[in-house]
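Line order of the protein sequences matches chains E and A. Be aware that the first sequence starts at 1, since it is given in UniProt numbering, and climbs by one per residue. Be aware that the second sequence starts at 1, since it is given in UniProt numbering, and climbs by one per residue.
It is worth saying that the hints were derived from the structure and are not from the lab. It is possible that part of the hints are untrue.
Keeping only pairs whose Cα atoms sit at most 25 angstroms apart, straight-line, the calculated PhoX-like set for lysine-lysine is [what the hints assert, rightly or not]:
#1 A:150 - E:1100
#2 E:1094 - A:108
#3 A:100 - E:1094
#4 E:938 - E:701
#5 A:100 - E:264
#6 E:997 - E:1077
#7 A:150 - E:1094
Beyond 10 angstroms from chain E on every Cβ pair, some chain A residues (computed) [stated by the list, open to error]:
#8 34
#9 64
#10 75
#11 77
#12 79
#13 109
#14 114
#15 159
From the three backbone atoms N, C-alpha and C, an ideal C-beta is built for every residue, glycine too.
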Amino acid sequence: MAERNEWVSHIESFVDTSRTSSQQASSLNAIASLLKNDVITIEALVREMEMYLTTTDNIIRARGIILLAELLALLTTKALDDATVHSLIAFFTERLADWKALRGALVGCLALLRRKANAGVITRSDARDLCFELLECLLERYPDAVVPLGDDLVYGICEAVDGEKDPQCLMLTFHIIEILAKLFPDPCGPVANFAGDLFDILGCYFPIHFTHAKGEDVDIKRDSLSMALMQAFSSTPLFEPFAVPLLLEKLSSSLPLAKVDSLKYLSHCSLKYGPDRMAKHAGAIWSSLKDVICTSIQEPSLPLAPESLDGPSFHINEIVAEALALLQRVNAQNDGLYLNYIFGDEDINMVISTINNFRSSIVISLQSKQTLFSVGCILSVSAKCSNPSCNKVIERYLPILMDNLGLSTENSSAGSSPASRLALCKSLNFGALFLCIELLIACRDLAVGSNSVSSQETWFSMLWGFSSSMTKAFSSALLASITEDAQDADIVLMVKGLQVLATFPGGFLLISKSIYEEILMALLAIITNGFNRKTLWGIALKALVSIASYTDEYHETEKATIYTHVVVEKLVSLMSLEECNMPVQLRLEATVGIGLSGTNYMLRVIQGLEEAIFSLLAEVHGNLKSADALVHLLECYSNQVIPWVNAIGGLDEIPLRFSVNYWSYMESINFSMAVQERKLLNAATMAMKLAIAICSVESQKIIIQKAYGVLSAISYFHLNEPTSLTIPLEVQGFQPTQSMENVTCKDEWLISSFASVIIAARPTTNILHLRAAVNLFMIAFLNGHVQAAQALGSLINKMHLGRDINDCSLDEVMDLVFNSSLWGSLSEEYLRSGEVGNSSEMDISKLCLDSMNDRLVRTHVISGLSWIGKGLLMRGHEKVKNVIMILLRCLLSNGKPGTSSLQQSLSQDSEQDLLLKRSVADAFHTLLSDSDVCLNRKFHATVKPLYKQRFFNTIIPILLSLLNNSYSSTTRLMIYRAFGHVVSDTPLVAVMSEAKKLLPMLLEGLSMLSEDFHSKDIIYNLLLVLSGILTDKTGQEAALENVHTTINCLTRLISYPHMMLVRETAIQCIAAMSELKHARIYPMRLQISQALSKALDDPKRDVRREAVRCRQAWASIASRSLYS
Amino acid sequence: MTLGLINANPVVHAKKERIARSEDVHPADDAVDPLEIYDILLSLYLFSLSILDCSFLSVLSEESITVDEKLGRILITFTPTIQHCSMATVIGLCLRVKLKDCFPPHFKVDIKVSPGSHANEESGNWKLEPSFFSIHVASLSPPTILLNDKERVAAALENPNLRQLVDECIYSNEL
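Taking the hints into account, I'd like the entire structure generated from these sequences.
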C-alpha cells in the first residue's frame, strides 16, 4: 500500500496551511493525475478524506473541501457516474450553508456546473436547482456584496425566475424574491422599479394548482408551495398595487381552491402591507367578502341535533371560515372603516328592516335563510373584533331586535299565564331571535377573549338591561313548547341563548343569581317534564352539561354551588324515586351526563346512585318493576361510574364503600322471598366485580374480611374447618341430583357475590381461610354453580407458587380440587341411590361419565371444569393436562358403561350423551376464548404470552389422531366441534402456519357440522378462518392443493338454511378463490356459476349482493382471458 | 375504440344523493326492490376507460325502476345520453345482460326508453351507425323492440364486436 501512503501524504500536505502554495499546488496536481489515471477513485478519495471534510476545525475543514472542489475543477472531462455526481451535488449544496468553508463549496458547485457533457453532467433541473440555491445563499449571506448590483441583480433574477415550472426550483425562487424584496425596501429602489415585472412573474403562479399526477414530487406539497408564494406576495408593500387587485379578481373565480387561497393571501398581505395601503381597497374587499360569504354559506342538513348547540347554527365551509377570518383581520386593522361599510350596506339594512319576513324558520326560502345566516356571521364577526366595534354594533342593532322580539328592559311580566306564554312562544320571530343569539354569542366570545369583563362598556350595559327579560321570555317559551308544538330551530336557538347567558364570564356581573337559578330551573323542568320530546330534551341536557363543564373549567365556585343545589340534587333525588314518570334510563342518562362534566358533581352523583341502588335492593323482592330499575342502575354503575373512577384515579374509597355496603346489605336483607331474577344477580355481581377490581390490595383485604363475616351465615360454611372436605352432602342440605334451583336464594346470592370478590381480587391480595373458600366453591361447583367454578379458576390462576398466608400452596389447592373427596361423596350419593357403580375408582372423569345422571348438573360440572382448566392454561400450568384428559375422555366415552344403559331407553341415552359431549366440546371454547366475566386483564389474571398458540400446537395433533381412531359419527361430530372452537379461537397467524395440514380437516369439519343445526355459529367462525386462509399467500397454496374439496364444500354451504351469515361468507370465500391460479380454478367455473345462480334467488338481500359480486369476479376471469 | 365517437363529450350530471333504504326491523326476507337493482346497474361503465359510471350520466335513477316481486317482473326505463344516441341500444343491451347475470331466471325484465328522450323511440326507422357496427337483425327496429325480444337479444350478442362492447361495459371497472 505504498501508493496509498503516497496520496494520503499529498492530501495532508494540501490541507496543511503551513506549507507553501507551490507545495500545495503540486500535491493537488499529483492527486488529480492519480484520479485521471484511475489509480484511485473519487469514492475512495472521499472516504479517505472523510475526517477532513467533516471535522469541526474550521480551517482544516475549509481546506479539505477546497481540495475536493479543486480536484473536481481539474477533472471536468473525467467520466463519473450519476450516483457519484448526485452525491457530490448533495454534498456541496449542503456545504453552502457552512459559511466558514463557503469558498470550497462554491468552487465545487462551479466545478460541477462546468463539467463536460458525456462525462457525467448534472441534469438540467439539478443545475437550476443548484444555481437557485447558490443565489439564495448569496442573497442571504452576503447582502453587502449583492446590494450594490442594484437594478442588474433584480433584472437578472426576473430573467432567471420567469417561466420556472419545477416545484423544487419554485420553492427556491419564491424565497429568493422574498429575500430580494427585503434587501431593497426603498420605495424608489430597484425592486420598486421592477415591482410590476416581478409581480407579473409571481402572479402567474397564483393560485398554486398541481396538475401532474400523484406520486411525482412527493417531497413538495401544494400547501408548502402555496405558503412560499404567499410569503413572496407579502414580502414588500411595493407589491400592493398589483397583488390586491389580482387577489380580488381571483376571489370571484368559481374554483373553490382559488377562493380559499385568495382569502388567505389577502389576510396575510393586509397584515404585511399595513392599514394605510389597504384602506383604498377597503370598499372592493368589503363587497367581495360579502358576496363570498353570502354565496358560500350553507344551511346545515340537520339543524336539530343537540350537537348544533355548541357549533354555529350553519355549516361553515373552508371558504366562509377564511372569509370571516379576513373580515375579522381587516376589521381589527381599521374598524371604523369597515363598520361604516356594514352599517351602510343596503342588503344588511334590508334584512334588518324587513326582519318580520323571517318570522318562521320553515316558511322562509333557502335563499333568504342564506342571507340571514350571512348577515348573522358578518355582524357577529364585527362585534367580536374589539370593545369599540362591539359597542357600535350592539348599539345599532340590539334595540331593533329586542323591540321586534317584544322584549324591553323593564319587561318582567311576560309569560305570567300559560296563554300569554304560548302567545309569546308563537310571536318570537325566528330572524330576530337568530341575530340576537348570534350577537349574544359574539359578546360572550369577546368577553372570554379579553379575560376581563368591563361593565363600563356600552354593549355590556345594554345586554345587562335586556338579560332579565330575555331569560324570562326564552324560558317560558321553552316550557310552553313541552306541551305545544314549536319549531325545533327556535328551540335550539332559545336553549342556546339561555346557555350563553348562563355561561357568560365574570360571575354574576351580567346576570344576577336569581336569573341564573331561573335559567337552570327552566332547563331542569324540560329534563323532568319534557322527556317525550326527544329533540328538546336532548338539547336541554346538552345545555345543562355544558353549563356544568363551564363552571368546572373556569372555577366559578358560586355558580357551581347554585348548580349543585338546583340541578344535581334534584336529579339525584329523582334516581331513587320509584313513582316517577320519567323512564329510569333517561334519568340515568341525564344524571350521569351532568356528573361526567365535573368531579364534584360526579362525586355527588355517585353517592346518590349508591343510595338509590341500596334502597332499591332492600325492597326489591318480588317487585318486578323495581328489579328492572335496579338492573339499570347497576349497569350504569358498572359501565359509567367505574370507568370514570378508574380514569380519575385516587378514588379508592368509592369502590370500597360500594362493596362494603353491598356486603352489609347482603347480611341484613332477608331473602326469604325468592327473587328468581338472574339478570339482577348478574348485574349486581358484575358491578361488584368491577368495583373490587379497581380497589387497592388493602381495600380488597377489607372486603374479603367483610365477606367472610357474612358468609358464616351459610349453614355449611365453616371457617375453622381447615382441611376436612369430606362433609357428607346430605348434612349440607345439598342434593347433588338437584340443580341450583333448590339452593336457597340467599345462598346463591352469597356464593355468587363471594365468587365475584375472588374473581376480581388482585394476585397480591392474600385470601384468608383459603381452604374453607375452596371447599365452599367445590361444593357449589359440583352442584353446577358456574360462578363458583370461575372463582376456583381465578384463584388457581392468580395464586403464587410459594406458600401464602394460610400456609397453603398452589399444589395443595390443586390437590384439594382434583382429589377432593367431595367427588367421591358425590358419587357415593349416587351409589346409595342405586344408580350405577364402580366405587373403587373415584376420579373426576368417572364422576362425569358414570355417576351423574342429571344432565343439567353434568353439563354444569363440565363447563365449570373448563373454567378451572382455563385458569391453569392461562398461567401455563402443566396440570391443565389433567383437565384436558378428563375432557377428552368424556368426549370419547361410548355411552355409559355397565348395565345401567340397558335400563334406559336408547334414544334418551343417546340424547343425553350428545348433550354431555356437546358441553365437552364447548368447553374448548371456554378454554380459549377471551371472557368478559372473569380471567381477563381487567380482573388481574395471570396471562402467559402466546398461551393460545401453545395450546393450539399441542391439541391439534391430538384431535387429529382422535379423529383417525374414532368411527362413531356422534363422536366425530363432537370432535369436529371441539376442533372448530380451537381453530376459530386461536389467533389467525398461528392457524396460518399450519394451513396446509389443517385445511383438509377444516373442510371435512365444515361438511360434518353443516348437518348439525346447533353448530351454525361454529360453521360461521370456521368460514371466517377459511376466508383468512384464502386471502393469505401461504394459505392460497394450501387451498390450491385442495381446490376441488374446497369448492365442493363451499358450494354446499351456499344453500345452508340456518344462518344467513354462513351463506354470505361462503360466497365471499368463493369470490376470494377467484384470485387463485387461473389454470387450476378455470375448470370449476361452471360448477360455481350453477351454485351461484341459486344464491341469486336467496331470500336475503345481502346474500344476493355478494352473489352478484362473486359472479362478477368469476366472470371477469373469463373476460380477462378473452381480452388480455 | 369507436365507442367514444358516438358521444365523446357526454353531459355529466352531478352525482345525486342516494336514497337511503329505510331500516326496517329485520324482516324475515328482503324482497327485491328498485334500490337493489339500481345498485347492481350502477356499476355499468358506459364509456369505456372512463371513470364515469351510470350515475354520472343520468341514464338511470331509482325512480325509473319498478319491481313486482310476486309476478317476478322488473321494468326499467332509461334515458339515453343524447337524443339521437345510437348508444341507446348498447346501453339497453348492457342493462339486459347485466340483469340476466344478476337475477334468477324467473324474473321477466322489460326495458324501455323514457318517453321523449330518444328521437327514434317508437318510429320504424331505427338504425345503428353503420360505421360503428352492424347488426342486421336489429337494424330496422326501434330499441324497445330489439331489447325485449329474447331472440333478437341472443342474436345481437352473437355478434362478436357487440359482445365485446357489452362485456367491456360490464367488466371494465374490474379489469
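Satisfaction of hint between residue 1094 (chain E) and residue 150 (chain A), Cα-Cα up to 25 angstroms: Holds, because 22 angstroms separates the two Cα atoms, which is no more than 25 angstroms.
Given as non-interface: residue 114 (chain A), partner chain E, CB spacing beyond 10 angstroms: At roughly 25 angstroms from the nearest Cβ of chain E, residue 114 (chain A) sits farther out than 10 angstroms, so the non-interface label holds.
Holds or violated: residue 100 (chain A) to residue 1094 (chain E), with C-alpha atoms at most 25 angstroms apart: 13 angstroms, holds
Claimed clearance of chain E by residue 77 (chain A), with the beta carbon kept past 10 angstroms: 22 angstroms, holds
Given hint residue 108 (chain A) paired with residue 1094 (chain E) - CA-CA distance at most 25 angstroms: Holds. Residue 1094 (chain E) to residue 108 (chain A) sits at ~17 angstroms (cutoff 25 angstroms).
Distance restraint between residue 997 (chain E) and residue 1077 (chain E), which requires alpha-carbon spacing of 25 angstroms or less: Cα-Cα ~20 angstroms, so holds.
Pairwise hint evaluation, residue 1100 (chain E) against residue 150 (chain A), where the allowed Cα distance is 25 angstroms at most: Given pair residue 150 (chain A), residue 1100 (chain E) is violated - Cα atoms ~29 angstroms apart, limit 25 angstroms.
Status of residue 159 (chain A), Cβ more than 10 angstroms from any chain E Cβ: 15 angstroms, holds
Proposed proximity, residue 264 (chain E) with residue 100 (chain A) (alpha carbon, max 25 angstroms): Not satisfied, since the Cα-Cα distance of roughly 55 angstroms exceeds 25 angstroms.
Non-interface claim for residue 34 (chain A), where every Cβ of chain E lies beyond 10 angstroms: 12 angstroms, holds
Residue 109 (chain A) non-interfacial with respect to chain E [C-beta, more than 10 angstroms]: 13 angstroms, holds
Least C-beta distance from residue 79 (chain A) to chain E larger than 10 angstroms: 24 angstroms, holds
In the structure shown, a violation is registered for the earlier hints numbered 1, 5, in ascending order.
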